[in-house]
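Asks: Each chain is listed here by its residues.
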Amino acid sequence: MTATATAPEGGKRGAHRRRNRWIGLAFAALPLAVYALVVLVPLAQSVQFSFYKWDGVSASTWAGLDNYRTFLTDPVLRSTFGHVLVLIGFFALLPIALGLLSAALLTRARQPGMAVYRWIFFLPQVMTTVVIALVFKRIYAPDGPLNTALRAVGLDSFAKTWLGDFTWALPALGMIGTWVTFGFCMVLFISGTSAIAPELYEAARIDGAGPVREFFAVTLPGLRGQMAVALTLTITAALRTFDLVWVTTHGGPGTSTLTPAVALYKAAFQNPQVGLAAAIGVVMALLCLVIAVVITRVAERD
Amino acid sequence: MKIYKAGVAAAILALGLTACSPGSGTSATGKTEAPSAVSTDVAKAGDVTLKLTDFWGGAEGEWIKQVVADFQKKYPNVKIQRTNEDWGQLNSTLNLQLQDDSGPDIATANNGWQSLGTLAKGGLVRNLDAYAKAYGWDKEVPTTIARQNQFSADFKTMGAGSWFSTPMARTSLIGLYYNADKLKSLGVEPPKSLADLESVAAKAKVAGEVPFEYGSLDGSTTILLGTQALLADKKKLNDYIYGDSSVKATDVGMTEAITLTKKWADAGYFPPKFEGIDYQTAVANYVGGKGVFRWEYTGSLGLDAAKQGKYGYLQLPQASGSGTVGVGAAPGAMVISSKSKNPDVAAAFLDFLMSAETGQLAADRGLVPALSPDVKVPATSLSLTDESKGAATLDENDGYVPYFDWSSPTMLDKISQNLQLVYAGKLTPEKFTEAVDQDRDAFLAGQS
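Residue numbers (the working numbering), protein chains in the order written: chain A, 2 to 303; chain B, 84 to 531.
What the hints contain is simulated information worked out from the structure, not anything from laboratory work. The structure displayed is predicted, hence computed values, not measured ones. Hints should not be assumed to be uniformly reliable.
[Unchecked claim] Simulated crosslink set (DSS-like; lysine-lysine; CA at most 27 Å straight-line):
1) K54/A x K239/B
2) K497/B x K54/A
3) K288/B x K161/A
4) K161/A x K509/B
5) K422/B x K288/B
6) K422/B x K54/A
7) K356/B x K346/B
8) K161/A x K390/B
9) K161/A x K239/B
10) K373/B x K161/A
11) K161/A x K356/B
12) K161/A x K346/B
[To be verified] Derived Cβ-Cβ restraints for the label pairs, each shown as a range:
13) Q172/B x A30/A: 34 to 40 Å
14) P146/A x T463/B: 39 to 45 Å
15) P461/B x V40/A: 55 to 61 Å
16) D264/B x I121/A: 46 to 52 Å
For each residue, glycine too, the CB sits at the ideal point set by N, CA and C.
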């Protein structure tokens, strides 16, 4: 990012301009050095470790692509990708759909107490994940509030050991993610819609557009930038899911809620497989990068 | 383009900074030889300050504080600076701390390959053979406990070879707790054998009680390992865990133990919806009066003085009738850093930790003493009296088996996950046992 800021703009190539550039670089030098030290060096080290079989202490042996091969072929480790895809549905797609819906509803008519709603829905975003996870662990407990509520309305057959159930544990965790990111998406989209020129809505109405048509013709295109931000942040959050799983299920039952981040932690800090952990980290970092680039590209295309 | 060029340049620069292979800075050779001349005379060592880092809190923390104080009283020339870290924190950072010149002289490590094996192999902890000879540990410590601290010269096998850590006059066992009031109201005596236990459990079930308080949400394996120790051959189980590849999981009662556990689960001997109950909740439920029995690590129930009179502990004899075998180890492996400048004094402290004196200090604080047969336990504490009896029986029988998950670094994950699959009917006991072998054999193959 810093490199773009210091790059000269095309056309003007005078000595004055060039001196400015060097001054810019000089100013950026210290932050760049710090950035290199705390981000780039560890990044390069991780890439390097990922090619070794290493227990973190003794001498390492060159492993080539073995760690990557293990990550991509081991049935348990490979299954973590599937779990992450499910989580993306719950962390990104569902909250964005809900956020759009509520933003459309909330902005159409000004209700009293809007700020309060926004504040309530945004609250999960400022809470620590560990706290949220503990709260939901209680909610999902066999005798927890969720099952009690289901039984109270006669839906006994729906009551489950949510986090201990092979089918339901992952969706149950996903719903926590939905609850957390929904408010963020909604607030983002509400502020986005308020920036859309009212004339566009007027024009749409004059042309006879109903609320649905208006949403797809005016609101949705106007929110493209916000959508990109929401998608990038929520998808990468889904890819990095660790604390939620660690506090609630540890990846269980079986390995049905194991995510790459949890597998990485176990490999790095519980089992002496630093190389494998680095390989998982590198793959996940690349995935995040690719997703971010793709989303930005698509969003910026006219 | 500028961005990409800058990025590539930065990457090359960063790679250049980390050119040599990871771990090449620490050498595995040279430090593992035991020093030939060691001194056991602490008073002569002059003024010495040792740094101790341990993972003990609560009553255990009080215990080590007192041990340190007593040691300093005994040897006024020695000062011990103690640092306490939480268990997970210390385990994941000990390898880094020991590489630091100002790191601890003495630390608590976790036995097995996950921690101790890695530290020994990396030359970060001292070979203690010379001290074992000087202090007579070889003779005083039961073989089944001593083995837990030993590694071969090539660091490919655990359970034989040189000492790299020491136990202490305390132990942590897996055994069966019982709620004394519940047994009384059921009109039965504490069971004396596995068959007894099953009939009492059946009786409890009929009376509307939960026979075993338990939850599997976070994959608790104590029940499986507790029953395995009753069913397996002691020598074979030890050999299996220490990496003798000629012994298979089928030879060490694994299939029988998992079958029995599953049978109990299916018979409704666990609380309803136990798949959704986590470890903490299960412990709280049991201490709160739910359930008759619970398989548990000693000292993990956190019983207060009043409760200690209400809960008993059983180290059941083997189903085959050949003595008593139990899962147990010292609650921490004491290591001396290779960088320590005063290993002689540190070793004296380790020896002190195995003395009857520290065993008594443990019993006084409600902790299970070991290696100290004459220790006095308050008679009002049923659980501690029973636990000490259990430890004494195992000391006498030389009947310890290490925690099963020492067999490979990934074993605990493997059995936790697969246990949940077995409960859900997604994995048969036979496949469970096969998976155990696969995990260990894959690890052993990587070792050689």
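Asks: Are the hints correct? Go through all of them and say.
Replies: Hints, one by one, checked against the model:
A C-alpha spacing of about 16 Å is found between K54/A and K239/B, which places the hinted pair at or below 27 Å, so the restraint holds. For the hint pairing K497/B with K54/A, the CA-to-CA distance comes to about 21 Å; that is within 27 Å, so the pair holds. The straight-line distance between the Cα atoms of K288/B and K161/A is roughly 23 Å, inside the 27 Å bound, and the hint therefore holds. For the suggested pair K161/A and K509/B, the alpha carbons sit about 18 Å apart, so the restraint of at most 27 Å is met.
Between the alpha carbons of K422/B and K288/B the distance comes to roughly 57 Å, so the proposed pair goes past 27 Å and is violated. Under the criterion of a C-alpha separation no larger than 27 Å, the hint pairing K422/B with K54/A is consistent with the structure, at around 26 Å. Between K356/B and K346/B, the direct Cα distance comes to roughly 16 Å. Compliance with the 27 Å bound is thereby established for this hinted pair. Taking the CA atoms of K161/A and K390/B, the gap is about 33 Å. The hint is violated against a cut of 27 Å.
Pair hint K161/A plus K239/B does not hold up; C-alpha atoms about 46 Å apart against a cutoff of 27 Å. The straight-line distance between the Cα atoms of K373/B and K161/A is roughly 21 Å, inside the 27 Å bound, and the hint therefore holds. About 8 Å separates the Cα atoms of K161/A and K356/B, which keeps this hinted pair within 27 Å; it holds. Restraint check: the Cα-Cα separation between K161/A and K346/B comes to about 22 Å, which is no more than 27 Å; the hinted pair holds.
The hinted window of 34 to 40 Å between Q172/B and A30/A holds, with their beta carbons roughly 36 Å apart. In this structure the hint that P146/A and T463/B lie 39 to 45 Å apart at CB holds, the actual value being about 40 Å. The hinted range of 55 to 61 Å is satisfied by P461/B and V40/A, whose Cβ atoms lie roughly 57 Å apart. Between D264/B and I121/A the beta carbons are some 48 Å apart, a value that agrees with the proposed interval 46 to 52 Å.
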